[in-house]
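Trainee: Chains as they are written, first to last, in our numbering: chain Y, 1 to 165; chain A, 1001 to 1165; chain F, 2001 to 2505; chain S, 3001 to 3505.
Misleading hints may appear alongside valid ones.
Restricting the straight-line Cα-Cα distance to at most 25 Å, the calculated cross-link-like pairs of lysine-lysine (PhoX-like) are [claimed, not checked]:
(1) Y:K10 to Y:K51
(2) S:K3236 to Y:K51
(3) F:K2263 to F:K2004
(4) S:K3116 to S:K3004
(5) F:K2071 to A:K1051
(6) A:K1051 to F:K2263
(7) Y:K113 to Y:K140
(8) F:K2353 to Y:K98
(9) F:K2353 to F:K2101
(10) A:K1098 to S:K3353
(11) F:K2116 to F:K2263
(12) A:K1051 to F:K2177
(13) S:K3003 to S:K3319
(14) S:K3353 to A:K1106
(15) Y:K51 to Y:K98
(16) S:K3071 to S:K3090
(17) F:K2263 to F:K2319
(18) Y:K106 to F:K2353
(19) F:K2165 to F:K2177
(20) F:K2004 to A:K1051
(21) Y:K51 to S:K3116
(22) A:K1137 to A:K1106
(23) S:K3319 to Y:K51
(24) Y:K51 to S:K3090
(25) S:K3263 to S:K3353
Taking beta-carbon pairs under 8 Å as the criterion, some of the chain F residues facing chain Y (in silico) [to be verified]:
(26) G2025
(27) I2026
(28) A2027
(29) F2130
(30) Y2284
(31) L2286
(32) Y2372
(33) L2419
For the record, the hints were derived by calculation from the structure and aren't laboratory data.
For each residue, glycine too, the CB sits at the ideal point set by N, CA and C.
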Amino acid sequence: MIYEVTIGEKTRLVELVRLGPNWLCKIDGRSFALDVTSIQTNVLSLLVDGKSHEVKQDIIAGETTIVVGHQQFSAIVRDPRSFRSRRRSEASGSGPRKITAPMPGKVVRVLVKIGESVDAGQGVVIIEAMKMQNELKSPKKGVVKKLHAPEGVLVEAGQTLVEIE
Amino acid sequence: MIYEVTIGEKTRLVELVRLGPNWLCKIDGRSFALDVTSIQTNVLSLLVDGKSHEVKQDIIAGETTIVVGHQQFSAIVRDPRSFRSRRRSEASGSGPRKITAPMPGKVVRVLVKIGESVDAGQGVVIIEAMKMQNELKSPKKGVVKKLHAPEGVLVEAGQTLVEIE
Amino acid sequence: MIKKILIANRGEIAVRVIRACREMGIASAAVFSAVDRAALHVSQADEAYSIGAATAAESYLNIARILEVAKRCGADAIHPGYGFLSENAKFARACAEAGIKFIGPPPSAMELMGSKTRARQAMQSAGVPFVPGSARGLSLAEAPSVAAQIGFPVMVKAAAGGGGKGMRLVRTPEELKAAFETAQSEAQRAFNDGEVYIEKLIEDPRHIEIQILGDEHGNLVYLGERECSVQRRHQKVIEEAPSVAVDDDLRSRMGQVAVQVAKAAGYANAGTVEFLVDKASNFYFLEMNTRLQVEHPVTELVAGLDLVHLQIRIASGEKLPFRQEDIILRGHAMECRIYAEDPDNNFFPSPGKITQLLRASGPGIREDSGVYEGWRVPLEYDPLLSKLIVYASDRASAIARMRRALDEYFVGGIKTNLLLIRRIFEHPDFVAGRINTGFLDRLLASRPEPKADENGLAEIAAISAALFAANSATSNGRNSQSGSGEKPGSSPWKQVARVEGLRNE
Amino acid sequence: MIKKILIANRGEIAVRVIRACREMGIASAAVFSAVDRAALHVSQADEAYSIGAATAAESYLNIARILEVAKRCGADAIHPGYGFLSENAKFARACAEAGIKFIGPPPSAMELMGSKTRARQAMQSAGVPFVPGSARGLSLAEAPSVAAQIGFPVMVKAAAGGGGKGMRLVRTPEELKAAFETAQSEAQRAFNDGEVYIEKLIEDPRHIEIQILGDEHGNLVYLGERECSVQRRHQKVIEEAPSVAVDDDLRSRMGQVAVQVAKAAGYANAGTVEFLVDKASNFYFLEMNTRLQVEHPVTELVAGLDLVHLQIRIASGEKLPFRQEDIILRGHAMECRIYAEDPDNNFFPSPGKITQLLRASGPGIREDSGVYEGWRVPLEYDPLLSKLIVYASDRASAIARMRRALDEYFVGGIKTNLLLIRRIFEHPDFVAGRINTGFLDRLLASRPEPKADENGLAEIAAISAALFAANSATSNGRNSQSGSGEKPGSSPWKQVARVEGLRNE
């Protein structure tokens, strides 16, 4: 199995090969044996050359965070052979852009109308949770194409609210 | 839904009827509303007439324990309409009897042979765990029909070791 | 003794009070709003009653409804926790009229302390130290002599003020006139009231508070101080006891003033007297909180007492079981508040489902939590999830222990402030005890230290991300919990480190 | 200061030591057997090394292998925990020879205390009180006068004895001859050695031990006592500090004797001196445990100290940071040991997968655990899962708090002794502090009180059993975790108590 993993500015190719009950890992041109055990859902115990790492994964609104010890990393994982992940990585380029809810909340105001022109950084929707309001801004200059969440509805984290083209 | 629930010496017929988002429960000729929420796997929060009960279920080797507050009850639940549970309740009557491992362990000795006559209470198999040995006894007078676990094997809790007919 | 307590609150403090009830053999009755049926306090209480819609005004602030439930279920007392109705004198009076004991101070003391001006008058006549100032509106003509008498730097403040509006810092006499006039016109615009007064500027103060406890027979003690300077917009994040800035002498002087404050207010039960402390160890009365505080556990740990037990005993009419000289403070305790909020996104609240909850435990760790794995944190309330509290024999050990506990603690599925807490516990100023009320804002304004990628942890993270992806691809969506318990062969991860063993031999 | 510690142990004590290392900034290296790859101590340590097969002799008792790993990973010290190699003087010597610090007493002290006869000689010459007796083999002719001098009742015991063989209780002079001869011949048959001696019978003794701590510079202190009388076959189940049978005077006398014992043995680091205490508060030396005890947390809680931190500091050559008069004992602590065993089935061990683990938390609760949800407890080792420890200001509150904690604690998937612990904490003799080493056997021999079916809990259990069955039928095998978090409509259980609300209005 080969994965392309981006952490920060750096993208690494991680190749995993079964080696008896363990794994052989190739990364950045080096190979080493990995002793991996699943401790709980989203928690792995890794032994690499004697070093013990308890690593945790957390996925919130489609974004993956990996916790190693007390360091935390945002990670993007692509399976180079997977059509779906290719498509997704294309979607994050230019072209139409979706504005999604960063957390669950209530849509208290929609500041734009379909067909309206918006600037990058212009406020588009206000959502509220725990008595705090958050203005979501357009990521690009464009035209409002779709409005998915009318005022007053409850939305989940990651739910698309507005599409800008 | 109707269930026959045996706790201790007493068997009760419990009828559950959906009533909007909650349940109506009939038991021992009385009915009352139940407000039930699942808290975690095997943990329910029950509100019955204002009283709050956190109840837990534990199933070990096929035996169900229900914990209410700091009381613990062994429960046998039958669905009167279910063929499978009828069969199981028949199986626990007379006829052939299985001797099962009460906990995971290692079979260190098998004390009987197939075809051998055994008395009720006679030792049949010895299993070991955490350095303690436990002799399993025949529940009835009869003849050894099958031996499922030879000496030296590891067995799971609830696994059939010997059948006596 | 009280027989049944209704807890007019939710979250960790409701669970805290329910635990105390259980330990004291007292029946507990929880109340819950429409979105809190599955909340921890509901399943932990002996009884639980629905009190209305999600909006606090219709449930946890609904006095009529709460009293109706209390009467119906036969509660002889109500514990208000903190927040919600806890400092509402009207509620306390309504309880008394309904013949239900309000576990807290007399309504008269709550009313006195609820009014800034009345409190100041009463406390000043009792000789309690205040930040030096004019204490009343001034004219521009009076300002220079008052300011000179107080000593620069001073603050010009709107009498009707709040939120920083109509407030000006003045460092020299020359700046005074312009600042005074700006403040006046700003106050006029903001509050329709141009009155301003002058107060001494306390530079980089610490926020230190004294826990007091009084019975209904006139006995009052103080239980030492709590240092609460690590705060953001007056929201405390980390509290500790004792304070590095307080020695035995200052403690006893502040304690005595706090007892004086309580006495002047006719106070009983648990309360907290808040002070600003300047660099020269002068302390100034700020306000009195007429309730149990969020941070009460740090006092419990150093004093070896249970404040909620004591609150209930006091409300039952018992006398304090100790005198001032019996109080022995020992060791060091620290608390951090774990909030469902996103420090990287302007501290926006982050409600939602807690998909995973790994808790710290072991020596010196206490967790007061209101949540559990699988619970969905509702949108409607304060985002406090739980409080992680440590005890150790000294401050350095307590910091090390909290770091260890933070390593163990993990909340999945929602954003929390855990990483920010970690940053604070690693900050050299915090570690050295150089903290004041501006500390956290300065830390937030500074960029996080770009961590050296110690031990190639980013590489480990990259490998782990791939392993998780491979795991979910292999297990193909089935619940892979408990790989550890799987029989060899049934899990993509193997139990035994054979390869590792071979490699090293 | 020590830089890296290899922990030659597993389970809760390994995790305990790893936590201390992390708090002190010391690297920790775990070792694990073939069945322990997924154990908690492996994932919690900084490093982890496989040391062999499941059988302890091939792994956790494998001196050569452990030392090889210690050298390879550069550990400068080894913490042995309790059990396994912790009292093995040969191991301690081998560590010293390998240039690795053994965190414990000098091997000479371990050897002395490991030999019953040598220990008795050394301690008697140091003036330590022993159970009165002949201390050597007697002839039948000598027996009557020796017995008369000691005073009846006496025990006749085989010199080579153990396990109750060759042991006879003699209440009157008339019974002596027959008992002596039976004991002789039984001893001859059992041990091929007919030698017997006479000792005073201590009726219903308490088992009370003193924690001592010494540095490598000759300083020694005692940290009060632990009451460990609740035991089954010399296996302690519940421990507490302080003991109801020990007042300040007795504490200081026992403490001074314990320090004397340690001094006579040339002791350093943490150790425990065990005593029998009779009804008249006479105390008799039993033995010294030359290691950290399972029950050390109760001392930590009342003394406000961390014994593992102190062990490591002492092993690093530091002096004790306090003197005897600095030790302040405060409050009351209790520990119960949670075992994977089935009290209803002759205490047979119950290894297997922990399918659910709900932990106690909140005020005054400490859990030292070696397990987690989803882990499969292996067959091969001691069945101790975790230790639940409480602290409160007095004994009655500590008992109430432990009961509350036991209500919260739940282990699913395997049998545990939690219900038995509950029975003990409800027993009137235990609650009153009327305990001795026979208490638990008597409790086990008696039938459990048939509980009144308070509040119709059996009916609630029956309804619940049906609800669980209905739930699993409805959810049809899918993982139903987190019903609480489901959106309305997607779970068979609803979040909001509408019906309940309607009914009551």
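Trainee: Each hint needs a verdict: does it hold in this structure or not?
Mentor: Cross-check of the supplied hints:
1. Y:K10 to Y:K51: 23 Å, holds
2. S:K3236 to Y:K51: Given pair S:K3236, Y:K51 is violated - Cα atoms ~36 Å apart, limit 25 Å.
3. F:K2263 to F:K2004: Roughly 29 Å separates the two Cα atoms, so the pair is violated.
4. S:K3116 to S:K3004: Outside the cut-off at roughly 35 Å; violated.
5. F:K2071 to A:K1051: 15 Å, holds
6. A:K1051 to F:K2263: 41 Å, violated
7. Y:K113 to Y:K140: 16 Å, holds
8. F:K2353 to Y:K98: Judged against 25 Å, a Cα distance of about 23 Å means the pair holds.
9. F:K2353 to F:K2101: Between F:K2353 and F:K2101 the Cα gap is close to 37 Å, so the pair fails against 25 Å, i.e. violated.
10. A:K1098 to S:K3353: Given pair A:K1098, S:K3353 holds - Cα atoms ~23 Å apart, limit 25 Å.
11. F:K2116 to F:K2263: 17 Å, holds
12. A:K1051 to F:K2177: 67 Å, violated
13. S:K3003 to S:K3319: The hint holds at about 18 Å.
14. S:K3353 to A:K1106: Judged against 25 Å, a Cα distance of about 16 Å means the pair holds.
15. Y:K51 to Y:K98: 42 Å, violated
16. S:K3071 to S:K3090: 17 Å, holds
17. F:K2263 to F:K2319: It holds: about 16 Å lies between the C-alpha atoms, which stays within 25 Å.
18. Y:K106 to F:K2353: 16 Å, holds
19. F:K2165 to F:K2177: 18 Å, holds
20. F:K2004 to A:K1051: Roughly 13 Å between the alpha carbons, so the hint for F:K2004 and A:K1051 holds.
21. Y:K51 to S:K3116: Distance of about 43 Å is beyond 25 Å: violated.
22. A:K1137 to A:K1106: 16 Å, holds
23. S:K3319 to Y:K51: 32 Å, violated
24. Y:K51 to S:K3090: 29 Å, violated
25. S:K3263 to S:K3353: 46 Å, violated
26. G2025: Since the shortest Cβ distance to chain Y is 36 Å, the answer is violated.
27. I2026: 32 Å, violated
28. A2027: 32 Å, violated
29. F2130: Violated - the Cβ of F:F2130 stays beyond 8 Å from chain Y, reaching only about 32 Å at its closest.
30. Y2284: 31 Å, violated
31. L2286: 25 Å, violated
32. Y2372: 15 Å, violated
33. L2419: Since the shortest Cβ distance to chain Y is 6 Å, the answer is holds.
In summary, the numbered hints that this structure violates are 2, 3, 4, 6, 9, 12, 15, 21, 23, 24, 25, 26, 27, 28, 29, 30, 31, 32.
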